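2 protein chains.
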Amino acid sequence: MSYLKKNHEILISASKNRRRNRRENRIVDFLEKRFAGRSASIIKGVGDDAAVIRQQGAREDWVVTTDMLLEDVDFQKAWLTAGQLGHKSLAVNLSDLAAMGARPRFHIVSLGIPATIPDKWIVQFYQGLAKLASAHKTLLIGGDLSRSTNGIQVTITALGETWHRQAIYRSGGSAGDVLYVTGTLGKAAAGLELLRKEQTKGATASQKEALKAHKTPNPRCDVGLWLLQNHYASCMMDLSDGISTDLPRLCSSSNVGAEIYPGALPIFSASKSWKLDPLNLALNGGEDFELLFAVPRNVAAKFAEAYPKRFPRVTRIGILTSSKGIVLREASGKPARHLANGGFDHFN
Amino acid sequence: MSYLKKNHEILISASKNRRRNRRENRIVDFLEKRFAGRSASIIKGVGDDAAVIRQQGAREDWVVTTDMLLEDVDFQKAWLTAGQLGHKSLAVNLSDLAAMGARPRFHIVSLGIPATIPDKWIVQFYQGLAKLASAHKTLLIGGDLSRSTNGIQVTITALGETWHRQAIYRSGGSAGDVLYVTGTLGKAAAGLELLRKEQTKGATASQKEALKAHKTPNPRCDVGLWLLQNHYASCMMDLSDGISTDLPRLCSSSNVGAEIYPGALPIFSASKSWKLDPLNLALNGGEDFELLFAVPRNVAAKFAEAYPKRFPRVTRIGILTSSKGIVLREASGKPARHLANGGFDHFN
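Chains A and B are the protein sequences, given in the same order. Residues 1 to 348, numbered by my numbering, are exactly what the first sequence covers, in order. Residues 1 to 348, numbered by my numbering, are exactly what the second sequence covers, in order.
Calculated directly from the structure, the hints in this document are not laboratory data. Since the model is a prediction, treat every value here as computed from it, not as a measurement. Hints are supplied without guarantee of correctness; some may be wrong.
Treat identical chains as interchangeable: a pair holds within one or across any two.
Think about it this way: if two alpha-carbon atoms lie no more than 30 Å apart in a straight line, the pair counts; the simulated DSS-like pairs of lysine-lysine are [claimed, not checked]:
1) LYS302 / LYS33
2) LYS33 / LYS120
3) LYS334 / LYS131
4) LYS324 / LYS77
5) LYS137 / LYS197
6) LYS208 / LYS33
7) LYS212 / LYS334
8) LYS33 / LYS77
9) LYS275 / LYS33
10) LYS137 / LYS33
11) LYS309 / LYS272
12) LYS120 / LYS309
13) LYS33 / LYS131
14) LYS334 / LYS33
15) LYS334 / LYS77
16) LYS302 / LYS272
17) LYS302 / LYS208
18) LYS275 / LYS120
19) LYS324 / LYS272
20) LYS272 / LYS212
21) LYS120 / LYS334
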């Protein structure tokens, strides 16, 4: 969950999207200040990947998140099967729980569908959703089903449980902490570009991989929980909008800046042969749903050694700094550049 | 929450809506059987107004519900101010909590809006929502804000808490229990008819009252909690779709039938002078968001006496019966009629 939205169009029209982002940022800042609930039972309210609420006498806190997927904004019906949409709708919510180190427990599904959608589509939507739910042991407890005159809309609320009443927030990072990401960056965005070129099946193994990353992302709940249980991560979030948009959010919450090494980023280099720019996609492409987190410097070596081989690879991509702003620092001695929200400018 | 939807159009095209209802009923029955989660921690899953989940060691259970309002299906933008839509979106969710006897605690708001909607609209939406939230002591803990290319969509998830781990379900009724409703029936539907005739302001006090009932319904949380705390209600639900649709659901859950006395229904008789049929609206009109509940016969007199004067009026409208189906029984000795889902047929 965030009050800020996945920006598919960033690759097509960065300036338009930056405008939208700024508008949304501004509205959300205002809404948060003005309307966010405050109470001893709200451990974390709006402004992180999920909210954390405490109930009197309970051993664990609840972690609650919601995400909406709208046809023509977040997906094209022709690009996803019903089952893939079901999977993806739940996955984006579980990714928010993963980003807090929470364990998925329950979910609620609201589905608005045009009258022309056949029953079979609805059942397949729920099948795709149920398969991912089962893998993550989260249970369907209810929802809403409505006809819609305006395309397909899915809104899911996911409830997770803390482990020992702990959660990892965006705000816990300090200057000097080492930045990591899981998996590969820009792979889902490369998949989206293939869909835009109507290459919906993929001709090669890499193309199929990119399409899969876009259509059926895997929330990193196991990694998030492991990081929490082993006290490695000082701050964490999931990458829904790309590093250039998400890292500034993490830094802002932690009141730090960051330096990242573009050469070290786990880019999806196969996309180069499709005339895409893997680094641009890694920085600015959305929907990777990988985890971005920081580890205090003094435990970074221990963390790197202990990180389980069964998990997706983890890559050290930079550090948090006391000076604000995000700087891209090339290893080769090229001049450093500032990373702007939704893109990057030359350092001046 | 229910997997079944408010049917505004019932007044215009009952047959079309009955068809939609049957389709939705069928899909939802299937989804419930196939996909509903089962676990000791799920006290009540899909199939009631809200779900009830239990956390180890917690003193109270959580009651969770979600409802979606879609432009052009659930509302027309021209008919509601932003603040009224904010109020109504939360109200329909709180009404589900009221129907369980739960106390509202937290809510999460997902809002999809076209890019043409000004900031002011968004802020007024949240203001209207916040005012009702404050009256019911529920706190905003998060949400999602997205641009939409397909009209305005609101999905709210509300979390409530039980009182002494108790909730009132649809399923607790027995033959012989006395049926009651709060407030007036068919008032919101009369308001909707005025809007359809573009009488958006209302010329008389009654018209203004009807418009208010439609635009800014008052969830009956105080009545629901009082009924629970005093152990009066054997079963309960909120009236979102009208008695002719909702009472069969209550009866089906409780495995009973019902007899109702049309002459006793608290109809909104002012609507007669606007060339509307108050009884038809009371039976078939949606969105009253009043409570429908049953009280065991042996405590009905005590209940009627104890019912607080500060609450909206309560009316005895019939009884639950062991024979299935809903029968309309006139006091005057006219022949009884069967009430069909979404309308009524002559008894045969």
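If any of the earlier hints don't hold here, list their numbers in rising order.
1, 3, 4, 5, 6, 7, 9, 12, 14, 15, 16, 17, 18, 19 and 21
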